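Here the protein sequences come in this chain order: A and B.
Be aware that the first sequence starts at 1, since it is given in our numbering, and climbs by one per residue.
Be aware that the second sequence starts at 1, since it is given in our numbering, and climbs by one per residue.
There may be inaccurate statements among the hints.
Said to hold, decoys possible - Covered stretches of chain B, going by a simulated chain A footprint (3 or more residues, C-beta under 8 angstroms):
no.: 1; segment: 73 to 84
no.: 2; segment: 167 to 174
Claimed, not checked - Not close to chain A: a few residues of chain B, all C-beta gaps over 12 angstroms, as computed:
no.: 3; residue: 47
no.: 4; residue: 49
no.: 5; residue: 69
no.: 6; residue: 152
no.: 7; residue: 216
no.: 8; residue: 251
Bear in mind the hints are in silico, worked out from the structure with no lab data behind them.
Values in this document were obtained by computation on a predicted structure and should not be read as measured data.
Glycine included, each C-beta is placed from N, C-alpha and C at the ideal position.
Below, each chain spelled out in residue letters.
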Amino acid sequence: MSLSRTRPLLLPLALMLAFELWARLTHLQSDSLAPPSAILVALATALADLSIPIATRDTLFAAFAGLAVGSAIGLSLGIAFGISRPLDRLMEVTVEAIRPIPSIALLPIALIALGFGYRMEIVIVAFACVWPMLIMTRSAVRSIEPRLMEVSRALRLSAPQRIAKVVIPAALPRIFVAFRLSAGIALIVAVTVEIAINPIGLGAGIMLAQQALRADLMLAYLVWIGAIGYALNVLMIAAQRRLFGRAALAGDNP
Amino acid sequence: MNRAAILWRVASILVAGSFVAAWQLIADLRLVSPVFLPGPDRAWAALVRGFSSGDLAGKLIGTLEHMAYGWLAASIAGIALGALIGSSKVMRAYVAPSLEFLRPLPVSAIIPVAIAMLGLTQGMALFVIAFGAIWPIMLATIHGFAAVEPRLYEVARSLQMSRAAIIGKIALPSALPDILAGMRLSLTVALILSVVCEILAGLDGLGQWVLLSARAFRSADLFAGVILLGATGYVTSIAVSLVEQRLLAWQTAAR
């Protein structure tokens, strides 16, 4: 039992140890690599002087704000398209024409329209989050047990009541899966926008460390960004299990 | 396609057309400053002008090259590594958890590291695109190999097939649907990372084109570039879906 638990850790630990030894033995001097011990020290220093915590706050703020806006739009469009087949068919070409635009291509447009800062980043993150939400909500709504809709019609629920009392509860487990995926995308897009152009947050921090030739700090940022991505993923999966239990597994295989 | 489907399609195209018309109207009435929002007429003119002068075609080819080389390198390496890891229980137990840990890492965070190692070069862009695109393919391959019907392996053992033969004749074909789905996913990643690398390193391509157009406030050129990027994403993903359907025709036929 103990072996099967520790086994996944063996490879990364061995790699780090080997790298540390190699760096010490060759007295590594490099602009791109640093031994793990130096990375840890840089990470601790940057955490202590609040530069990483502030950057994390900026990145997460932009990512979550974009996620909120994007998933609200995606959710409402997804519900509308899922309920009304004619609407879905009418909008098909429009959606198909806009969706393949890579979110990052909007960056220059957002840049000249909104300038640097939170707003342009939020817009780009929102654009990226709309699509998975829209597509998965639409298919979730469409696969709702038809008898539920019949019951709601027999009860003469109005359209808003039907959405609030039948459609959303029935589709919620799969909508949450879409939300979880969108959250991952939001973080990725936020960091990418910061690395490409926006001078705030973790992405800007790692670029600055690279330009200052601080390999240890740059890799510390990399490790930290990885940890944030991992933590967000673990958190969302835990929330999904807790909120929906087994029901959530139904939609996990798109 | 029956008649109703065609009618819906036409109606849908008309709706999209009316959105373009509304965009034209907004631009003509100057509800939004023309500095930010050119009308579709100006964007189209810029597109035509760019192609007739050859500038835009060159940038498009540049982006397609970055994308294709990085994606192909990622596909080959991803399938090879995935086959290596997925076909061995020991490797799966030791290596797969580390890969799962790395998966949620925003791959663009590797760009500064790549710049520090390789400079602002084509090699850097290739490395970043391949690094980003390899994950979906490799993880899908590992998953596909792990999900092969165990009885097929038993048959292979009783036929005394070599490991290479087992991989080539049994594991790869049955993992193919997973692998192709991973390759389709990573195509989008490759396009996004190509654009980011072109923006950062000033490499010849559409990313550089849209950034320079934005810097010079040439919004018509900028929109032409964005439209072209959308078309690139659309056409490449359709192409991969077609290949996918063709390669997997045996599977639907068997059902």
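Outside-interface status for residue 47 of chain B - nearest CB in chain A farther than 12 angstroms: holds, 14 angstroms
Non-interface label on residue 49 of chain B, tested against every C-beta of chain A at 12 angstroms: For residue 49 of chain B, whose nearest Cβ neighbour in chain A is about 18 angstroms away, the distance exceeds 12 angstroms, so it holds.
Chain A covers the segment 73 to 84 of chain B, three or more CB atoms within 8 angstroms, holds or violated: That given contact is violated, which follows from only 0 residues of the segment 73 to 84 of chain B lying within Cβ reach (below 8 angstroms) of chain A.
Verdict on residue 251 of chain B as a residue remote from chain A, using beta-carbon distances over 12 angstroms: Given a closest Cβ separation of 17 angstroms, the condition holds.
Consistency of the no-contact label for residue 69 of chain B, given chain A and a CB cut of 12 angstroms: holds, 18 angstroms
Distance rule for residue 216 of chain B, whose beta carbon must clear each one in chain A by more than 12 angstroms: violated, 10 angstroms
Whether chain A covers the segment 167 to 174 of chain B (at least 3 residues having a Cβ closer than 8 angstroms to its Cβ atoms): With 0 residues close enough to chain A, the hint is violated.
Beyond 12 angstroms from each Cβ of chain A, as asserted for residue 152 of chain B: For residue 152 of chain B, whose nearest Cβ neighbour in chain A is about 22 angstroms away, the distance exceeds 12 angstroms, so it holds.
Taken one by one, the earlier hints fail for this structure at numbers 1, 2 and 7, listed in ascending order.
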